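Numbering that gives the first Met the number 0 puts the first residue of the sequence shown at 0, with every later residue one more than the last.
Hints were generated in silico from the structure; no laboratory data involved.
There may be inaccurate statements among the hints.
[Said to hold, decoys possible] Heads up, simulated DMTMM-like pairs for lysine to aspartate or glutamate below, C-alpha to C-alpha not over 20 Å straight-line:
#	residue 1	residue 2
1	K246	E218
2	K41	D27
3	K367	E133
4	K116	D59
5	K367	E6
Note that the structure is predicted; figures quoted are calculated from it, not measured.
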Amino acid sequence: MDSFSDEEPALVLDLGSFTIKSGFSGDDTPKCFTPTLFGIPKDPGQMIGMDQKDYYAGNDVRAKQHLLNVSEPIRQGVIVDFDMLEKLLEDVISNDLKYTFEGQKILLTEQPGQNTKEVRDKLAQMMFETYKAEAVYFGNQQVLSLYANAKSTGTVIDVGHGKTHIVPIYEGFAIPHSIISLPIGGETLTKALYDSLKGKPQIDHTFTFDLEMSRTIKEAYCHNPLDFDNYLKQISDGLIPTERNYKLPGTHREISIKSESLIFPPERYFSPISHNGKEFDGLHRLLTESILKCDSDIRLQLFRNIVLSGGGSMLEGFKERAKKEINAVCSSIVGPEIFSPADRKFSAWLGGSILSNITSFKQLWVTKEQWAQLGSAIIYRNCF
């Protein structure tokens, strides 16, 4: 393993449901953000003269999605199609990064519940046999997010594309029995906004209004008011306009949107919801529930090192609202401390970049030779 010290930096791949963040160990930011999308032409005849391919991946899908049957290889943090993912990763490395897997060390991130023997074995086989990688490591996304904030103990609220995870971590180890997942993420908000806008008269047959446009509107205009009820009262009292005109991003059109339509979708993070017959509290209450499942000796550290991460936490007003609600429910127990770093959109990737750049980390890499000799046992020994 000593031969690794003078070699090229490791590849760090954060496998997200919305984007795959990719880059190199030791860097402060990912080199590429690639949509986690895979597309097959609806009608190959329509693709003539358009760099025709049997399939498209990543950014190519975004550009041609109206001509493609689009699939998501990773859905709500779960890898649902390894063949699609394999082709997508090849596109990420060869076309986006202009790099190669062969002979490289590769750190892959994983979601809670995805570190199963089956998933790890398939990914290891893909890396070693298909891509000829030299070594791999699997890192928990929330643990890596904590590392990105120079912490090894704390609680991560990871607001992702498909789900929100609340993960208490002690000395670099996630505490499995205390992890709580909320079935709400950025995708939930996008679909809710789409449903409220798709019947607007400004959206007609001459304009393609789809989930992608809804997502763009969400990111530009949706927000979490600090006081939701007071905001609604201000609308009712005429202090805030009932509707406003907003420019549709990337177009010359405008659309009138009710003010409440921009706050109701993100309010789901902080209000009780029902999903598939189950009831869920707001994330601030689930945070307390999660930490109270942990040993009483470490709860103080978990409350005083709460870290926000994930692209969903970048929504306007989210961090301020989260801090207010968490303080309201936790202050009677302990004075919580909440950290919301500016780079939290890719904090899992950043943690992987930091970890894989530490000299002492090289002993944790699972080499191709070790995997061939010991199989998945070596992965569970080295990757926690």
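Going down the list of hints, with the structure as the test:
As the CA atoms of K246 and E218 are separated by approximately 13 Å, the hinted pair is consistent with the 20 Å bound. Between K41 and D27, the direct Cα distance comes to roughly 39 Å. Violation of the 20 Å bound is thereby established for this hinted pair. For the given pair, K367 sits about 6 Å from E133 by alpha-carbon distance, which is consistent with the 20 Å threshold. A distance of roughly 32 Å separates the Cα atoms of K116 and D59; the hinted pair therefore is violated under the 20 Å criterion.
Of the supplied pair hints, the one linking K367 and E6 holds, its CA atoms being roughly 16 Å apart against a limit of 20 Å.
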